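Top to bottom, those sequences are chains A, B, C and D.
Be aware that the first sequence starts at 1, since it is given in our numbering, and climbs by one per residue.
Be aware that the second sequence starts at 1, since it is given in our numbering, and climbs by one per residue.
Be aware that the third sequence starts at 1, since it is given in our numbering, and climbs by one per residue.
Be aware that the fourth sequence starts at 1, since it is given in our numbering, and climbs by one per residue.
It should be emphasised that the hints constitute simulated quantities derived from the structure, not laboratory data.
Remember, it's a predicted structure, so these values are computed and weren't measured experimentally.
Incorrect hints may have been included.
Unchecked claim - Listed next, with one range per pair, are the computed distances between beta-carbon atoms:
| hint | chain 1 | residue 1 | chain 2 | residue 2 | range |
| --- | --- | --- | --- | --- | --- |
| 1 | D | Val125 | A | Arg371 | 34 to 40 Å |
| 2 | A | Glu159 | B | Asn83 | 44 to 50 Å |
| 3 | A | Tyr352 | B | His338 | 56 to 62 Å |
| 4 | B | Asp120 | A | Ser22 | 34 to 40 Å |
Stated by the list, open to error - In silico DSS-like pairs for lysine-lysine, Cα to Cα no more than 27 Å straight-line:
| hint | chain 1 | residue 1 | chain 2 | residue 2 |
| --- | --- | --- | --- | --- |
| 5 | C | Lys52 | B | Lys381 |
| 6 | A | Lys82 | A | Lys113 |
| 7 | A | Lys351 | B | Lys37 |
| 8 | D | Lys115 | D | Lys73 |
| 9 | C | Lys5 | A | Lys43 |
| 10 | A | Lys370 | A | Lys381 |
| 11 | C | Lys5 | B | Lys370 |
| 12 | D | Lys73 | D | Lys47 |
| 13 | A | Lys18 | B | Lys37 |
| 14 | A | Lys103 | A | Lys135 |
| 15 | D | Lys14 | A | Lys370 |
| 16 | A | Lys113 | A | Lys103 |
| 17 | D | Lys5 | B | Lys37 |
| 18 | C | Lys120 | C | Lys47 |
| 19 | A | Lys370 | D | Lys52 |
| 20 | D | Lys5 | A | Lys370 |
| 21 | D | Lys82 | D | Lys5 |
| 22 | B | Lys216 | A | Lys103 |
| 23 | A | Lys216 | B | Lys103 |
| 24 | D | Lys5 | B | Lys43 |
| 25 | C | Lys52 | C | Lys120 |
| 26 | B | Lys113 | A | Lys216 |
| 27 | B | Lys18 | A | Lys351 |
| 28 | A | Lys164 | A | Lys113 |
What the hints assert, rightly or not - Computed list of chain A residues with no C-beta within reach of chain D, every gap over 10 Å:
| hint | residue |
| --- | --- |
| 29 | Glu104 |
| 30 | Arg253 |
| 31 | Lys261 |
All C-beta atoms in this analysis are idealised placements derived from N, C-alpha and C, irrespective of residue type, glycine included.
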Amino acid sequence: MDYASGSPVDERVLEDMKPYFSEHFGNPSSFHSYGFKALEAIKNARMRVGGLIEALPEEIVFTSGATEANNLALIGAAARYKNRGSRIVISSIEHISILNVCKELSRQGFEIKYAPVDKDGILDLDALTELVDDKTMLVSVMTANGEIGTIQPIKKAAEIAHDKKALFHTDATVAAGKIPLDVNESDVDLMTLSSNDLYGPKGMGALYVRRGIRLKPIIIGGGQEGGMRSGTENVPGIVGMGKAAELAKVEMRSEADRLTKLRDRLINGVLDSVPESYLNGHPIQRLPNNANIRFSYIEGESLLLSLDELGVQLSSGSACAAKTLEPSHVLIALGLKHEEAHGSLVFTLGKYNTGEQIDYVIQQMPGVVKRLRAVSPLTPKELM
Amino acid sequence: MDYASGSPVDERVLEDMKPYFSEHFGNPSSFHSYGFKALEAIKNARMRVGGLIEALPEEIVFTSGATEANNLALIGAAARYKNRGSRIVISSIEHISILNVCKELSRQGFEIKYAPVDKDGILDLDALTELVDDKTMLVSVMTANGEIGTIQPIKKAAEIAHDKKALFHTDATVAAGKIPLDVNESDVDLMTLSSNDLYGPKGMGALYVRRGIRLKPIIIGGGQEGGMRSGTENVPGIVGMGKAAELAKVEMRSEADRLTKLRDRLINGVLDSVPESYLNGHPIQRLPNNANIRFSYIEGESLLLSLDELGVQLSSGSACAAKTLEPSHVLIALGLKHEEAHGSLVFTLGKYNTGEQIDYVIQQMPGVVKRLRAVSPLTPKELM
Amino acid sequence: MYSEKVLELFRNPKNVGEIPDADGVGTVGNPVCGDMMTIYLKVEDDKIVDIKFKTFGCGAAIATSSMTTELAKGKTLEEAMKITRADVADELGGLPPIKMHCSNLAADALHEAIKDYRRKRGEKV
Amino acid sequence: MYSEKVLELFRNPKNVGEIPDADGVGTVGNPVCGDMMTIYLKVEDDKIVDIKFKTFGCGAAIATSSMTTELAKGKTLEEAMKITRADVADELGGLPPIKMHCSNLAADALHEAIKDYRRKRGEKV
Ligand SMILES: Cc1ncc(COP(=O)(O)O)c(C=O)c1O
Ligand SMILES: Cc1ncc(COP(=O)(O)O)c(C=O)c1O
Numbered sequence: 001m002d003y004a005s006g007s008p009v010d011e012r013v014l015e016d017m018k019p020y021f022s023e024h025f026g027n028p029s030s031f032h033s034y035g036f037k038a039l040e041a042i043k044n045a046r047m048r049v050g051g052l053i054e055a056l057p058e059e060i061v062f063t064s065g066a067t068e069a070n071n072l073a074l075i076g077a078a079a080r081y082k083n084r085g086s087r088i089v090i091s092s093i094e095h096i097s098i099l100n101v102c103k104e105l106s107r108q109g110f111e112i113k114y115a116p117v118d119k120d121g122i123l124d125l126d127a128l129t130e131l132v133d134d135k136t137m138l139v140s141v142m143t144a145n146g147e148i149g150t151i152q153p154i155k156k157a158a159e160i161a162h163d164k165k166a167l168f169h170t171d172a173t174v175a176a177g178k179i180p181l182d183v184n185e186s187d188v189d190l191m192t193l194s195s196n197d198l199y200g201p202k203g204m205g206a207l208y209v210r211r212g213i214r215l216k217p218i219i220i221g222g223g224q225e226g227g228m229r230s231g232t233e234n235v236p237g238i239v240g241m242g243k244a245a246e247l248a249k250v251e252m253r254s255e256a257d258r259l260t261k262l263r264d265r266l267i268n269g270v271l272d273s274v275p276e277s278y279l280n281g282h283p284i285q286r287l288p289n290n291a292n293i294r295f296s297y298i299e300g301e302s303l304l305l306s307l308d309e310l311g312v313q314l315s316s317g318s319a320c321a322a323k324t325l326e327p328s329h330v331l332i333a334l335g336l337k338h339e340e341a342h343g344s345l346v347f348t349l350g351k352y353n354t355g356e357q358i359d360y361v362i363q364q365m366p367g368v369v370k371r372l373r374a375v376s377p378l379t380p381k382e383l384m
Numbered sequence: 001m002d003y004a005s006g007s008p009v010d011e012r013v014l015e016d017m018k019p020y021f022s023e024h025f026g027n028p029s030s031f032h033s034y035g036f037k038a039l040e041a042i043k044n045a046r047m048r049v050g051g052l053i054e055a056l057p058e059e060i061v062f063t064s065g066a067t068e069a070n071n072l073a074l075i076g077a078a079a080r081y082k083n084r085g086s087r088i089v090i091s092s093i094e095h096i097s098i099l100n101v102c103k104e105l106s107r108q109g110f111e112i113k114y115a116p117v118d119k120d121g122i123l124d125l126d127a128l129t130e131l132v133d134d135k136t137m138l139v140s141v142m143t144a145n146g147e148i149g150t151i152q153p154i155k156k157a158a159e160i161a162h163d164k165k166a167l168f169h170t171d172a173t174v175a176a177g178k179i180p181l182d183v184n185e186s187d188v189d190l191m192t193l194s195s196n197d198l199y200g201p202k203g204m205g206a207l208y209v210r211r212g213i214r215l216k217p218i219i220i221g222g223g224q225e226g227g228m229r230s231g232t233e234n235v236p237g238i239v240g241m242g243k244a245a246e247l248a249k250v251e252m253r254s255e256a257d258r259l260t261k262l263r264d265r266l267i268n269g270v271l272d273s274v275p276e277s278y279l280n281g282h283p284i285q286r287l288p289n290n291a292n293i294r295f296s297y298i299e300g301e302s303l304l305l306s307l308d309e310l311g312v313q314l315s316s317g318s319a320c321a322a323k324t325l326e327p328s329h330v331l332i333a334l335g336l337k338h339e340e341a342h343g344s345l346v347f348t349l350g351k352y353n354t355g356e357q358i359d360y361v362i363q364q365m366p367g368v369v370k371r372l373r374a375v376s377p378l379t380p381k382e383l384m
Numbered sequence: 001m002y003s004e005k006v007l008e009l010f011r012n013p014k015n016v017g018e019i020p021d022a023d024g025v026g027t028v029g030n031p032v033c034g035d036m037m038t039i040y041l042k043v044e045d046d047k048i049v050d051i052k053f054k055t056f057g058c059g060a061a062i063a064t065s066s067m068t069t070e071l072a073k074g075k076t077l078e079e080a081m082k083i084t085r086a087d088v089a090d091e092l093g094g095l096p097p098i099k100m101h102c103s104n105l106a107a108d109a110l111h112e113a114i115k116d117y118r119r120k121r122g123e124k125v
Numbered sequence: 001m002y003s004e005k006v007l008e009l010f011r012n013p014k015n016v017g018e019i020p021d022a023d024g025v026g027t028v029g030n031p032v033c034g035d036m037m038t039i040y041l042k043v044e045d046d047k048i049v050d051i052k053f054k055t056f057g058c059g060a061a062i063a064t065s066s067m068t069t070e071l072a073k074g075k076t077l078e079e080a081m082k083i084t085r086a087d088v089a090d091e092l093g094g095l096p097p098i099k100m101h102c103s104n105l106a107a108d109a110l111h112e113a114i115k116d117y118r119r120k121r122g123e124k125v
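Excised from the complex, chain A in its bound form (with noise of 0.2 Å):
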């Protein structure tokens, strides 16, 4: 149940990509008849991919992954747009990818903003619009959040951001696949989106570029994906990305009420079973896929550790934070105290769970907590 940090490729998806490894192994820049060939199959995923969000397939550029995309987004953006302001804003609980490189726009001499999130990690609008003003040349808020599975008002931060004539990021990556997206509808500038996330392969994402918007590339040479990105392409993963696209397109809203009912279960059982768990983020505008749970008196890794036993995978943040061994920085921006923020537990569900898989954590649950508690020095008397 850690579909966040990583998802096993549909087969549909890796049948698909298989003969782009062998006998169509040709470059798309090549002139001659297999070149000709991965050009096709890359114009026909660069479709699919648009397709999923309702883009054209020429606003679509593919990148080795979300973090590349948000880091082409972001640094591209400010290269090109320094003109128009020098501040961007952000939301406070973005991934640490766009954290990361807002902080080194900082020591370019941009203003970086962050604007608050409430206590289930809705972002304030009101402390949008007033953070956003005519110096400001981006605004960068998620789709939704990979943690706390949040979805934020992204329509209407985009209006905040084109009021003052600022561009509109959003990152996409735990989103696409899981909740409808319109670029249009939205009227988003860019849009990031990976593919492992949609079951495609690792090591292939996607930055949405609106037409007429230019960015400076992060990766210079031959000059691809329209000069924004350059390398050879990554054939079979692009064909991997776009056939990913496209069941997600087709099967999203089956799968979707499946596991928001999975999800619910899973919240409903498991705050039920266990004294004093509760659900980080908010209870209704939140990924179908996601769950996000805080037991109080215990801490996260010794959690996973014993659920991992139980053959349960989770996660307890970003799986970049469990490097750091920080509490995640969105659960601190939710107003939680550091120790609680170390007892919570993200469940990611994906294609794969089951109900049974679901009853069966439920029934764990209890016994893992009460045996943790058992030896926390933090754990009141009544709970032993």
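Position chains B, C and D with the ligands against the provided structure of chain A, taking the given hints into account.
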């Protein structure tokens, strides 16, 4: 015979990658058994890629390809070591990803100097010595050129760089797996590698970064790859590149012998059977799999098209140049006239090429050239 | 990348050759740029009765040369002057954008050859 | 990531609990940082005759607590003061570098508990 612009993935490589698309889809940063499995796999691949060039595993930074590795090497070093000097010296026949990065760095205030090559494409070491001065920060000379196959004296070039305390980078994209490489013996600081050129998957590359050297990352985020390259690791890609490197190490010697024989059979066969055809690049100091042949009075693309219709896939220069219709800057650097450069064909042989294929090309070539020469206004009467 | 029509004309170009006693000759492009084209005309009663070409260049250059000469053959000079690069590209079922330059070249060479003919006749062109 | 020994002690930690009438108590870390540990001692004739711990923290923190109390049990206070984080990590078959901090914590808590005991006895510590 266009392996330079794209190679099929070795079946043994694909076999090794497969489990990482499906069962082992974990994120190496995740704290559970799926994650640890991925972490192990990456460690192993790092060892294998390091092994190919006698580097330590921790000296390998995985990237999305050779272009990104070249960008990281030059931009990353320039940002980090600019206090060492403002001059960067590269050969005049570097790949477009090096050339275009240098153009960008020159806009940022670096002074770029181009070291010439002789008529066979071999770096002029005396000229290099003159260009590398005390304020030179970095020297970059490719290990071998993909278009003309010429192998460069990188050990001597590294020595010239180090004499002036400059860093030395070499783009070994097309050399790795074809000729033995040893970063210690050659005293290289940074080396670019490409996965697909080793029959590994596309969308993967690596940069060797000598221990003690730090680069400013160009893709910022979760701090993967020792902070030098962020983004969730492309685990199947990394595993594939690792396997490809291992296979290359084992099979390189015998495959190089085989290809050298095929290459020479091709060169001699074509030069003998087609009047006014000439070899571009050095006859001996060249990659075992490269032949670059010039045909007077006709243009390369029409040659490609004719051969493609006969089932022979070739390139007329770098795949990138195909897009701009410019003659190859490499051939111009050899001192060829534009019209001579236009009439050149690149043959890059690979694993699946056979003697029969070579003989077929030798047999078809005179007819194809004759037909096109008959259409050309430049062809002298006596050749018709 | 190329239409079937382009490939067909590339394989079997019509009107390849020179006309030694041509009434008009037009050459455009140059081998340095990778494309060069010469068109030879025979004119009778202001009509193009014979036309031939020689081309150094890409597949599209050869196919457009062939198509241009086909379009021009039998036309009056005035009609032939009106053949545009768009006409040529249309007849070929379209050309990749990067190759539009080539179809330009063939029409230009035709126009140059007609001007050469008129110049030789003392007309002002 | 963790050695089998660490996992084993995480699953079945020894000496978990409190000693209500402990002779010495040492607490280090704090829940804000994600790790907190308390060690309780019973001392007789300068020897640790009983020892218990409570730990809020990661798997390594729980395993090192268990291992530290095992190492200390039965030792004289002087010997127990010499238990270092390296000893604990060694006994556990190594710890991931990022987790070395945890083994530090357990040894520190032990030393704090011993100092507490000595302080209570009026010794200078
Ligand atoms: C919201 C969000 N954006 C971006 C990323 C970065 O994705 P990747 O590491 O695949 O580049 C993640 C990864 O977890 C994410 O959750
Ligand atoms: C010498 C050299 N370096 C770098 C590259 C760039 O490789 P990629 O396009 O796979 O990133 C190439 C590609 O042809 C090359 O020949």
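To see whether the hints hold, each was checked on the structure:
1. Separation of Val125 (chain D) from Arg371 (chain A) is about 35 Å and conforms to the stated range, judged on CB atoms against 34 to 40 Å.
2. As the Cβ distance of Glu159 (chain A) to Asn83 (chain B) is approximately 46 Å, the hint placing it in 44 to 50 Å holds.
3. A C-beta distance of roughly 59 Å is found between Tyr352 (chain A) and His338 (chain B), which places it inside the suggested range of 56 to 62 Å.
4. At about 36 Å, the CB distance of Asp120 (chain B) to Ser22 (chain A) agrees with the hint of 34 to 40 Å.
5. Between Lys52 (chain C) and Lys381 (chain B) the alpha-carbon distance is near 17 Å, which keeps this suggested pair within the 27 Å criterion.
6. Our distance criterion of 27 Å between C-alpha atoms is met by Lys82 (chain A) and Lys113 (chain A), whose separation comes to about 16 Å.
7. Between Lys351 (chain A) and Lys37 (chain B) the alpha-carbon distance is near 21 Å, which keeps this suggested pair within the 27 Å criterion.
8. For the hint pairing Lys115 (chain D) with Lys73 (chain D), the CA-to-CA distance comes to about 16 Å; that is within 27 Å, so the pair holds.
9. Note on Lys5 (chain C) and Lys43 (chain A): the hinted pairing holds, with a Cα-Cα distance of about 22 Å set against a maximum of 27 Å.
10. With a C-alpha separation of about 12 Å, the suggested pair Lys370 (chain A) and Lys381 (chain A) falls inside the 27 Å cut-off, and the hint holds.
11. Restraint check for Lys5 (chain C) and Lys370 (chain B): satisfied, since their Cα atoms lie roughly 23 Å apart, inside the 27 Å limit.
12. Taking the CA atoms of Lys73 (chain D) and Lys47 (chain D), the gap is about 8 Å. The hint holds against a cut of 27 Å.
13. Restraint check for Lys18 (chain A) and Lys37 (chain B): satisfied, since their Cα atoms lie roughly 24 Å apart, inside the 27 Å limit.
14. Between Lys103 (chain A) and Lys135 (chain A) the alpha-carbon distance is near 18 Å, which keeps this suggested pair within the 27 Å criterion.
15. For the hint pairing Lys14 (chain D) with Lys370 (chain A), the CA-to-CA distance comes to about 17 Å; that is within 27 Å, so the pair holds.
16. Between Lys113 (chain A) and Lys103 (chain A) the CA atoms are separated by roughly 11 Å; this keeps the pair inside 27 Å, and the hint holds.
17. The hinted pair formed by Lys5 (chain D) and Lys37 (chain B) meets the criterion: a straight-line CA distance of about 19 Å does not exceed 27 Å.
18. Restraint check: the Cα-Cα separation between Lys120 (chain C) and Lys47 (chain C) comes to about 16 Å, which is no more than 27 Å; the hinted pair holds.
19. Among the hinted pairs, Lys370 (chain A) with Lys52 (chain D) is consistent with the structure: their alpha-carbon atoms are about 18 Å apart, no more than 27 Å.
20. Distance restraint check for Lys5 (chain D) and Lys370 (chain A): the Cα-Cα separation of roughly 23 Å lies within the 27 Å cut-off, and the hinted pair is therefore satisfied.
21. For the suggested pair Lys82 (chain D) and Lys5 (chain D), the alpha carbons sit about 22 Å apart, so the restraint of at most 27 Å is met.
22. Taking the CA atoms of Lys216 (chain B) and Lys103 (chain A), the gap is about 14 Å. The hint holds against a cut of 27 Å.
23. Between Lys216 (chain A) and Lys103 (chain B), the direct Cα distance comes to roughly 14 Å. Compliance with the 27 Å bound is thereby established for this hinted pair.
24. The straight-line distance between the Cα atoms of Lys5 (chain D) and Lys43 (chain B) is roughly 22 Å, inside the 27 Å bound, and the hint therefore holds.
25. Our distance criterion of 27 Å between C-alpha atoms is met by Lys52 (chain C) and Lys120 (chain C), whose separation comes to about 19 Å.
26. Note on Lys113 (chain B) and Lys216 (chain A): the hinted pairing holds, with a Cα-Cα distance of about 24 Å set against a maximum of 27 Å.
27. The hinted pair formed by Lys18 (chain B) and Lys351 (chain A) meets the criterion: a straight-line CA distance of about 19 Å does not exceed 27 Å.
28. The hinted pair formed by Lys164 (chain A) and Lys113 (chain A) meets the criterion: a straight-line CA distance of about 15 Å does not exceed 27 Å.
29. With a closest Cβ-Cβ approach of about 24 Å to chain D, Glu104 (chain A) is found to remain outside the 10 Å limit, as its non-interface label requires.
30. At the 10 Å boundary, the C-beta of Arg253 (chain A) stays outside the reach of chain D, the nearest C-beta of that chain being 39 Å off.
31. No Cβ of chain D approaches the Cβ of Lys261 (chain A) within 10 Å, the least distance being about 33 Å, so the stated non-interface status holds.
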